[in-house]
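Generate coordinates for the entire structure from the input sequences, incorporating the hints supplied.
With this note's numbering applied, the sequence shown covers 2 to 414.
Simulated from the structure, these hints should not be mistaken for laboratory data. Heads up, a few of these hints could be off.
27 angstroms max Cα-Cα, derived BS3-like pairs, lysine-lysine [unchecked claim]:
hint: 1; residue 1: K245; residue 2: K255
hint: 2; residue 1: K245; residue 2: K235
hint: 3; residue 1: K393; residue 2: K32
hint: 4; residue 1: K55; residue 2: K217
hint: 5; residue 1: K264; residue 2: K49
hint: 6; residue 1: K217; residue 2: K178
hint: 7; residue 1: K49; residue 2: K111
hint: 8; residue 1: K32; residue 2: K217
hint: 9; residue 1: K344; residue 2: K55
hint: 10; residue 1: K17; residue 2: K4
hint: 11; residue 1: K245; residue 2: K46
hint: 12; residue 1: K245; residue 2: K217
hint: 13; residue 1: K111; residue 2: K55
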Amino acid sequence: MHKLPFDYAAANEWRKTYPTPFYVYDFDGIKQRVSDVNAAFAWNKGYKEYFAVKATPTPAVLRLLASLGCGADCASVPEITLATRSGITGQSIMFTSNETRPCEYAAAEKAGAIINLDDITQINNLYNSLGHLPDTVCCRYNGTLDFANAFIGNSRESKFGMTEEQLFDALQILGKKGVRHLGIHAMLASCTLEPNYYPELAAVLFDIAVRLRTQKGIEIEFIDLAGGIGIPYKPDETGVDIFKIGSQTEQVYKKFFFMYGMKPRLCTEMGRFITGEYGYLVTTVVGQKHVNREYVGVDASACDLMRPAMYGAYHGVTVLSPYKRLHGITCDVVGPLCENNDKFARQIDLPEPLIGDMIVIHDAGAHGRSMGYNYNGRLRPAELMLQGGEVKLIRRAETEDDLFATLDVDELF
2 MHKLPFDYAA ANEWRKTYPT PFYVYDFDGI KQRVSDVNAA FAWNKGYKEY FAVKATPTPA
62 VLRLLASLGC GADCASVPEI TLATRSGITG QSIMFTSNET RPCEYAAAEK AGAIINLDDI
122 TQINNLYNSL GHLPDTVCCR YNGTLDFANA FIGNSRESKF GMTEEQLFDA LQILGKKGVR
182 HLGIHAMLAS CTLEPNYYPE LAAVLFDIAV RLRTQKGIEI EFIDLAGGIG IPYKPDETGV
242 DIFKIGSQTE QVYKKFFFMY GMKPRLCTEM GRFITGEYGY LVTTVVGQKH VNREYVGVDA
302 SACDLMRPAM YGAYHGVTVL SPYKRLHGIT CDVVGPLCEN NDKFARQIDL PEPLIGDMIV
362 IHDAGAHGRS MGYNYNGRLR PAELMLQGGE VKLIRRAETE DDLFATLDVD ELF
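Below is the structure:
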């Protein structure tokens, strides 16, 4: 895990204004990561990173990414709205959904987004929703690469994408119906640290693009490798080298396309890899319990970061205290929910945290607050952006008024 870009003194000052729990995002870290990704794929003319909005749907983060040339990968109308209101518009939006309603297709077209179809049956649904087909359409492929993991599962059991036969048929139908700009997309893994994932996925999609041209006369203008690249959550994990991945993908690109003079532009849709390592959940120790295990209780819960409860996911933990601890403790770090899986860490060795100390949960910059919920009436936390040693509030904490806004709490029955 990354070294914290702040210390106890700074966090203690912040919590005087913004009570814990709260999220902190590292502006400079995110900016450098995007710079590295763009540099790694700079060899491909027209390359674009479409940030997966679901990872961190916060306008200040999206505005930062937009300023660095990123687009947005959206899966719902509110995500499209977030993107457009954050300065990401037109074909800088990739709309990839499944089981899509007509109103969603209409919103995507109104925004000028590229629509990525999940299934061949969606061609008719798209046409019936709009009364026509857009000039640009992408189709999602469900391949058989063996990169199965706990997050996306085995591709043969995945609800996403088309078979190869369906993909070929869909692209032929779209071409015959007048769609002029065609793309293909696939995401066959999630949170993988396998360095060959992008190059191997690229080889599959590039081969399909070549066969579509040579066998069917269909020209593929862009190829979307989607996301899937993970970050090293655990201490014994090593992060991927994005420059090496970019270089290996370039070699695959030349192998398949050079002899045909084909030059499709590439897209990616990273979310976790862009922001994951640069977000921190800061929480205060509010209790200690000595029973069959040692428990350290904090004021954050799975409502604020559900990955450990949902997946058993590992997140590194740092204790922030004004005092040096002489003793260590093996403990579970737990939240206040009425659920026994409300645990951020299990049997972890820490300098003994005392009430009032802070605990920072690392690698929470993606799929953290965005997956938050309100179980037990818990209110979702504020988000802060750290830049130049100073923090700025970029999303206030929820209030009870927010929680009750959709409820008729005063009506008697």
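Here is what the structure says about each hint:
Taking the CA atoms of K245 and K255, the gap is near 16 angstroms; set against the 27 angstroms cutoff, the hint holds. Restraint check for K245 and K235: the C-alpha separation of about 22 angstroms stays at or below 27 angstroms, so the hint holds. Note on K393 and K32: the hinted pairing holds, with a Cα-Cα distance of about 16 angstroms set against a maximum of 27 angstroms. For the proposed pair K55 and K217, the alpha carbon gap of about 36 angstroms is over 27 angstroms, so the pair is violated.
Of the pairs offered as hints, the one joining K264 and K49 holds, with about 14 angstroms between alpha carbons and a cut-off of 27 angstroms not exceeded. With a CA separation close to 15 angstroms, the supplied pair K217 and K178 stays within the 27 angstroms bound. Restraint check for K49 and K111: satisfied, since their Cα atoms lie roughly 21 angstroms apart, inside the 27 angstroms limit. For the suggested pair K32 and K217, the alpha carbons sit about 42 angstroms apart, so the restraint of at most 27 angstroms is broken.
Of the pairs offered as hints, the one joining K344 and K55 holds, with about 23 angstroms between alpha carbons and a cut-off of 27 angstroms not exceeded. Restraint check for K17 and K4: the C-alpha separation of about 23 angstroms stays at or below 27 angstroms, so the hint holds. About 18 angstroms separates the Cα atoms of K245 and K46, which keeps this hinted pair within 27 angstroms; it holds. Of the pairs offered as hints, the one joining K245 and K217 is violated, with about 33 angstroms between alpha carbons and a cut-off of 27 angstroms exceeded.
At roughly 21 angstroms between alpha-carbon atoms, K111 and K55 fall within 27 angstroms of each other, so this suggested pair holds.
The earlier numbered hints that this structure contradicts are 4, 8, 12.
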